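Taking the hints as your guide, dock the two standalone chains into a single complex.
Listed below are the residues making up each chain.
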Amino acid sequence: MSYFTPDNLAIADEIISRYPVAKSALIPLLHLAQEQEGWVTDAAMRQIAELTDTTPAEVKGTGSFYEMFKFHPVGKYMVNVCTNLSCQLLGGEELLAHAEKTLGVKAGGTTADGMFTIEDVECIAACTEAPCLQVNYRYRLRVTDEDFDDLIDDIRNSRADDIPEHGTLGRVRQHIPVDAMAGIVPPEQANVRPVWLARNDEPAPAGAAEGEEV
Amino acid sequence: MSHSVPHAPGYVDNGGPKIVTSRFEHGDSFTLDRYEATDGYQGLRRALDRTPAEVHDEVREATVLGRGGAGFPAGVKWGFMPPGKFPYYLVVNGDESEPGTYKDRLLMERDPHQLIEGCLITCYALGLAQCFLYVRGEMALAQERIAQALNDAYAEGYVGKNILGTDFSVDITLTWGAGAYIVGEETALIESLEGNRGMPRLKPPYFPAAIGLYGQPTIVNNVETLSNLPWLMMNGAEAYKQFGSEASPGTRMVAVSGHVKRPGVYEIEQGVTTFRDLFYGDDFCQGIREDNGLKMFVPGGGSAPWFFPEQLDVPLEGRVVSGEGSMLGSGAIIVMDETTDAVKAALRLVRFYARESCGKCTPCREGTTWEERVLQRILDGEGRPSDIDMLLDIADNISPGPYPVAADPNQGLAAVPFPPKQTTICPLGPSSVAPITSTIRRFRHEYEAKITKRDSIPVSAALMSSAPGNSEAG
Ligand SMILES: Cc1cc2nc3c(=O)[nH]c(=O)nc-3n(C[C@H](O)[C@H](O)[C@H](O)COP(=O)(O)O)c2cc1C
Ligand code: SF4
Ligand code: FES
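Chains as they are written, first to last, in my numbering: chain G, 1 to 214; chain B, 1 to 474.
Bear in mind the hints are in silico, worked out from the structure with no lab data behind them.
Misleading hints may appear alongside valid ones.
Short, incomplete list of chain G residues facing chain B, as computed with Cβ under 10 angstroms [to be verified]:
no., residue
1, 24
2, 68
3, 121
4, 124
5, 171
6, 200
Being a predicted model, the structure only gives us computed values, none of them experimental.
Quick reminder that beta carbons are idealized off the backbone N, C-alpha and C, glycines included.
Extracted from the complex, chain B is given alone in its bound form (with noise of 0.2 angstroms):
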């Protein structure tokens, strides 16, 4: 029943309900001809017959939930924009650069008229006057395809001046940033549309709805997220409400990868899918690779609280994940298996976090760096013994209070407080810690065995015996 997808590598067609990746079994689902074939562009002609406010109504009835990272039902930001303050933009965010995510290049690539078509029903919607379609930098493919079916959806009347002879006039213009993860954080996206350096911007306002490109509302969302809505106006919101859970209807991509049998990006029914399901399913990844024992787990991405083994029956839901203390995110879960360094897949991601902190602000500029230089010691065989409290410490600096982990089982069922607590302007910072929390409460020994390796020990011991106080007296 499931099967790979060899022109969408990575892509596993697992048999479930298809809403984003419907064409993606077609070699050619990226032509105008293709789309045409199957459904393309009726979703905009449904809208057309429809008033903006009935269209919004239908996203805002489906609870279409973000799919960049925090979740929010795109419904809902639409109605943040301030009445009458035109012109209206909006901004699309195809950055994706948080570790493990690979999902909205996939739809770039294979689907790019399916994206347009669902950027066309959010500018009719809302009234906006124009749509920026940001591609990160290194997808050259995407780039590429996007542009070309750009070019044969304004030749065709889709996109442009009196849309398919309607009163509806809108341009969608490509554009393409240069390497910088922390871009994909919405109002660094908009810095950089500005031809700045993207360093987020202060909160409040919260949302760019308030203020956003050019200081005028904009609307900002993910790849996935506009993707749903060309199938959801063919459908409707009812349909649409039959696949998922009741709090988080629909489907959503996730990608697979590390340890397992067959790592793979699978569209999956959301609140319904477990992540045993997703990890030992048939349909899925079949499994820990050599059958080893399961380790742990990133379930949504590397600003995620780490999972383990006691949260394999966790439905993939927002809502319950992060009841358990983590978050879905972007959709990247990474397996790793009973053969992993705690201590070493811990500084791969802190080390992500130290490079890509932009540098705005003093705790994760200085902090992330810090962190990374503390776990390559420790790593190295050369950590104290106070390392690990210190890297505690250090995190408590960028993210203060107890810090939500499944680590800990004092504290598992706490929730992700929003917005987190942070000392930093973004949640980047604040990113770096998980990873640390999530390793020192689960596996301190590992961290130990690294440590008391070292004949460090007697020297910060007799460091601790000749503070002032201590020593002399006697």
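Chain G with its partners taken away, still in its complex shape (with noise of 0.2 angstroms):
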């Protein structure tokens, strides 16, 4: 039986067909299971491997190393809180106190009610708007204590709905159409030279555009 729903074994192939080695695919296809579920589970990781020509421990044993992967339920919102310096220096650990007081659980943990997760989180990229966070990937940033009681009430409300929920990461998919496509070169397809440095052996035919006559 399948983990993936029909519609995302779809684009679990076409994801794989993008790679000369099926292997490379193993973080967006892990990323895919968290996107259907919330989190990574052990009927997900055996497909994985199925799809990707590896062991379940193969996918375990990767996935393991990013912080992202969860394999355990977590919140529907995974609230991440800079504490790198640049957000420290500007109140980052204070904004983290005070997430953990509104939410009423410590970093790493997840309210009652499976809506929050908090985590203290390095450098998210937006260190010139300190302090700030991403709830699900999405930034909030120069965020005050009152940002965040507002923020956390818009979700309970849902009112944020650039926010989805735990999993999703971009909204939109790479598709190339296959008739497009170049075609992946796997790497033992060994030493056959791209035809266009085929240019590189005659003097250039000085500004003329080659693809004209074709």
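Set out below in structure tokens:
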């Protein structure tokens, strides 16, 4: 039985088709699994192993290296407060403490209603807008304690519509129509010189667009 | 003259030359329509009118320095590809996560087509078979914008089979990470792209051009580096070299964060703008908050040895900054005013390296956590007098020899050795040393003040005096 829904299975196949080696799709597929259920289950990892020609142990081995993958249920909303240096200088730690107080859990914990998980995270590349945080990887910048409380209120009342549930990253997917693809070149297809490099062999056709007569 | 741009949070237009941020003023800068209306894909057309070798020559001639951290010229690195060992691959490093660094995310979110065009120019010049655009996992909007841009570019024939009707064909695959700083190191990036834990590979070979993705020759370049290429192809190396200094032509993006009045991301001319201009200039940060005194600053990302007020007149140029004992790195400048606790600030960066160590080699895995624990206990008032020397000793075990720090007047002008002295596989471990040596050499008294407050001195003094041969004798 398939873990992935039929739609997601089709997406998984398409993702794999864009790499010369199926194993390269391992991290994107773990994200897809997390998108489907909010966290990565054993059943998901077994199917990812089948799809990528690896073993479930390899999938877990790779996946567990990366902090974004959760192997147990987490809150619907992951609140990641940055406390790295630029944010620390402008109140990142105080913001984290406020978040912990407002939500009643410590960093790493999940609220009893399963809505929120708080994390104390490293630099999220918004250092000039400190202190800052992400909720399910959507930014909130120069956040005050009041802003934080409003944000939580908005989420609880479904008013933060730019924030999808945990697991969903980019909401636009890459899609390459089959006939537009150049064609994936596997590593073992050795020593096939790309055709356009032949242009180096002759003197340049000064300024003329070569494609014109094709 | 200078103004912030609301749809590009943090970006400030300082009125200077713009090579990579020229479209940021437009709210729809990320769309294909806007891109095509503002010279979009014209650089690619110019490139396709020339031979691949000529395009490579233009990049070499312009001296486009890498913007990912090491500042290595792209044209030279491209020359390391062993001839005839096809297929070759391109991996784009969009993993931006060095503390204080904020520029690649803006370029990916605000001008994805510019990056895509840069990738295409690179693939054309070197005969690359496929491009993998690796975006940091946490950057959902950047992933979304690049996916949309790629879909549009494929539909218009800019990417894929027979690009713009020519014999040039290449696919660009968007791929994304899942939260691990070390994956920014290029060999770890390749491991991650192969579906593995993101652990750096042993060196040599020093460049993935020799052995890269799937064992094939691979170019790894930073997002900002590649974003320069469309402009370069349009305007030529001569025009590029009109900006910046002779050794470091062009512009670069820097993020100034911390205790300044107007923190921001600025595109500056390399080798022209100084740190003083940047911190105090009206078009830049407009001074230190509350007009406080400047205590210290990180000139180029969490891994860079720190600078002090004496270095304010140093221009932002790789060579000069390394002559002063630090590096420009990833363009991340973190400013700290006189109210900052040096030990606390150092601890925060060290804690980052301890958390992010991949664990592959012992000096880094054990050393960084040890450093963190010692700094934490000093900060908590539990430090021992021997802790300061112990920190320096641990540091020396990770990165042996005199460490070039501006804080030490006796060796301020020593150049950063390359490759850096390290007992580790990659520079992450040694990076943890910079905040420690910088602060201890400069602010040893702050460490001592935290330690002498404790009565642990008599305790350890007692321990010393009970050492063998010291006590019982009498
Ligand atoms: C620990 C570590 C982290 C790094 N992180 C990044 C990063 O996030 N982005 C980046 O472009 N380069 C990063 N680098 C540098 C890359 O290894 C590589 O030099 C760079 O991507 C090459 O591109 P460039 O020549 O265009 O600068 C990192 C290096 C190290 C050692
Ligand atoms: S120095 Fe640290 S991060 Fe780099 S390979 Fe060794 S353990 Fe991993
Ligand atoms: S330090 Fe918080 S976003 Fe960079």
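*Give me the numbers of the hints this structure contradicts, sorted from smallest to largest.*
none
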